[in-house]
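Protein chains: 2
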Amino acid sequence: MRCEIVAIGTELLLGQIVDTNSSWIGEQLALIGIDSHFQVKVGDNFDRMEQTIRQALDRSDAVICCGGLGPTQDDITREVIAAIMGVGLEREEAVVDTIREMFESRGRVMVDNNRRQADIPIGASLIPQMPGTAPGLICPVSANGDDKVIYAVPGVPHEMRTMMGGTILDDLRRRSGEEAVIRSRVLRTWGDSESGLAERLAARIEHLDTLGNPTLAFQASGMEGIKVRITAKAADEEATTAIIGAEEAVLRELIGDVIFGIDDQSMEVVVLDLLGQRGLSLAVAEGLTGGVLSARLSEVDHDLATFLGGRVGGDVGGKPVDQLRSGADIAAEAAKDVRHDFGANLGLAVISAQAHDGQAPGTVFMHLAMDRAQHGGTVSLPGDRARFRNYAVINVLNFLRKILADI
Amino acid sequence: MRCEIVAIGTELLLGQIVDTNSSWIGEQLALIGIDSHFQVKVGDNFDRMEQTIRQALDRSDAVICCGGLGPTQDDITREVIAAIMGVGLEREEAVVDTIREMFESRGRVMVDNNRRQADIPIGASLIPQMPGTAPGLICPVSANGDDKVIYAVPGVPHEMRTMMGGTILDDLRRRSGEEAVIRSRVLRTWGDSESGLAERLAARIEHLDTLGNPTLAFQASGMEGIKVRITAKAADEEATTAIIGAEEAVLRELIGDVIFGIDDQSMEVVVLDLLGQRGLSLAVAEGLTGGVLSARLSEVDHDLATFLGGRVGGDVGGKPVDQLRSGADIAAEAAKDVRHDFGANLGLAVISAQAHDGQAPGTVFMHLAMDRAQHGGTVSLPGDRARFRNYAVINVLNFLRKILADI
Chain H
1 MRCEIVAIGT ELLLGQIVDT NSSWIGEQLA LIGIDSHFQV KVGDNFDRME
51 QTIRQALDRS DAVICCGGLG PTQDDITREV IAAIMGVGLE REEAVVDTIR
101 EMFESRGRVM VDNNRRQADI PIGASLIPQM PGTAPGLICP VSANGDDKVI
151 YAVPGVPHEM RTMMGGTILD DLRRRSGEEA VIRSRVLRTW GDSESGLAER
201 LAARIEHLDT LGNPTLAFQA SGMEGIKVRI TAKAADEEAT TAIIGAEEAV
251 LRELIGDVIF GIDDQSMEVV VLDLLGQRGL SLAVAEGLTG GVLSARLSEV
301 DHDLATFLGG RVGGDVGGKP VDQLRSGADI AAEAAKDVRH DFGANLGLAV
351 ISAQAHDGQA PGTVFMHLAM DRAQHGGTVS LPGDRARFRN YAVINVLNFL
401 RKILADI
Chain S
1001 MRCEIVAIGT ELLLGQIVDT NSSWIGEQLA LIGIDSHFQV KVGDNFDRME
1051 QTIRQALDRS DAVICCGGLG PTQDDITREV IAAIMGVGLE REEAVVDTIR
1101 EMFESRGRVM VDNNRRQADI PIGASLIPQM PGTAPGLICP VSANGDDKVI
1151 YAVPGVPHEM RTMMGGTILD DLRRRSGEEA VIRSRVLRTW GDSESGLAER
1201 LAARIEHLDT LGNPTLAFQA SGMEGIKVRI TAKAADEEAT TAIIGAEEAV
1251 LRELIGDVIF GIDDQSMEVV VLDLLGQRGL SLAVAEGLTG GVLSARLSEV
1301 DHDLATFLGG RVGGDVGGKP VDQLRSGADI AAEAAKDVRH DFGANLGLAV
1351 ISAQAHDGQA PGTVFMHLAM DRAQHGGTVS LPGDRARFRN YAVINVLNFL
1401 RKILADI
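Here the protein sequences come in this chain order: H and S.
At position 122 of the first sequence (counting the first as 1) the number is 122 in our numbering, and the numbers step up by one without a gap.
Each position in the second sequence, counted from 1, maps to that position plus 1000 in our numbering.
Do not take every clue at face value.
[As the list claims (entries may be wrong)] The calculated lysine to any residue pairs, modelled on SDA-like cross-linking and capped at a C-alpha distance of 25 Å, are:
| no. | chain 1 | residue 1 | chain 2 | residue 2 |
| --- | --- | --- | --- | --- |
| 1 | H | K233 | S | N1045 |
| 2 | S | K1148 | H | Q51 |
| 3 | S | K1148 | H | R48 |
Read the hints as simulated data drawn from the structure, not as lab findings.
So that you can see chain H by itself, here it is in the shape it has in the complex (with noise of 0.2 Å):
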């Protein structure tokens, strides 16, 4: 089965709102195995919205209309369905006294725009779901001779998201009569390129090709690595968990030095995993980071209980490394200072190379200093310097990674 994603608003063309609905939408198609070939967005003019939505029920066999539902002139979505279903628009006073009730509810009063949210083409029933003052319609037409459904939702992303997972989802999967379970598990590694990975994978890829079930992808992420995604389509839950555990395995035993973790697992979420099951705390010294490092493991470790703090810039800041101290004897002390000044168990600094101090521009020192143990490392960088420093972040939290599994 097909859908097809219309999202309509002329914001979207100017870019005043990035469209993240229809994304949202083709995730959550993709995970119940329906194909969504094409994903438009059309301005709020009635000749292009019903082009677009014709040529979309041509191909598909239902079409998710999302926008054009709110009280202003340019909301015309109910109009263009009406004309392509071939009716008229009868007012629903009960959704008008919905809609009245919301305004009252908010201390505001209805005006009579609000009114014109209430008219429904003739034919199409009402989405249960209305959280918003926009009601949701499921509008049945003919096409090809075919029975069809134009499904039209608001813009409002959560709106959207309610009435998609209380009505719609499901009621695609019924018309689709699919019994088969669609699921995905992403592997997300860094330390390699896309070709790099691709190359690895070659023989194993071909061997899927002549089985079907399941599939491998790639998907560069830029500064988070590379993600292999494991798709596998079986009768119920249980099977699919089985068909992806095994290929997970398969994986993990030709790529598995670069594999880091799972789905939305980031960098810094592992990091901080594998510290608090070994119960250490961090304490972080940035030179030209800049507080980027700092920042993404607060992100995750809000109340700073196991990521203690840090220190930027200062004695490991923009200064240029001098003749007598190497950028690794600057990172090593700075790691024992901030861990010392903290209080960690674990301190980690991350310095550069400035371009006049006789090392490669680019160049990142790395330290990590323990109780007994002390880690170096160097990594040279490509990149402007917006880049460099997100690209030095990752690669010092990949650094501490490898050392804790080891631990």
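Got chain H sorted already, so can you dock chain S onto it with the hints?
Coordinates of chain S only, in the frame set by chain H:
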């Protein structure tokens, strides 16, 4: 002139990546007066890509294809465009050399797949900017008897933006034959709501509506305040500058109290400028903002020349404010300590009350320690924790900005 945007990649349809590229491109096109009526996401599928690009060519004068230029087998934008042009692909050895050099400079070896990135449709030309391993393409094509153009850019946002800004936008303007110059300036505000600003500017907007030029538009930018965009159209650059300058002066009379900067000036850029002009250095102490303030300041002041650095957590960290010391006292102490510790002219502290210390949750204590003067402030913020700390950071920057403006 019309330009359609086609975002390519199955990962976009599956919601694994949100398509922010189309939004950004749509905004840039609007600024130079080019309409974008449709923006389509399509997967890595030859037939559907071809169908989508052909339809875009049919109803627009230019098409920007974003994505599908990578090294793997599913990156087929080059092949699809060649098919639409009715030509073959030719490997550009000079591009192979450039790609190889990029890999070598990072100490890596180019894999065979990357050679594919140098395959160019015959008759296409290369976009001079090439920040990554994927060359961008300008592909002349004939459709409906007209000379049209397909641009191909990588899906990596910074690579796409470099090519758009360096080549494509100029090329589109030249093709459009548009003689009028359209320019805009954004006035950035903090401290009033969109509806509040709309009320204060209502009479002015009504007046401009009768003139037609310049125009004003509001753009809510969440954490970064509300942008007020002045757009002017005139015969040349100089004339647009004069119109915009005159309008800016009028608006500053009306809402100057909340304008903190223009265009790309973030709050931290403005603050660092003010510090620089006054020859003052700054160090910061951060509690629950956990490094975000430091990261934002050092993002602009890479070399930590004006922003010397700071301290995250520790005494001002996640610990409860105890009975003996109020949040205001702790902030004052931390500001003085960090000023002294880093030898800075100014010490700025930002800490948050915890739910259990008798202060309302969401209360932020700010303190600026100077040579002679001391400034304290508090602000109560709404929002979940992730948003909370970003709100706290912009508030403390605005707190500092206002004090600096009076020095």
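Going through the hints against the structure:
1. Only pairs whose Cα atoms come within 25 Å are accepted, and K233 of chain H paired with N1045 of chain S is accepted, the gap being roughly 21 Å.
2. Between the alpha carbons of K1148 of chain S and Q51 of chain H the distance comes to roughly 22 Å, so the proposed pair stays at or under 25 Å and holds.
3. Proximity of K1148 of chain S to R48 of chain H is assessed by CA-CA distance (about 21 Å); at most 25 Å being required, the pair is judged to hold.
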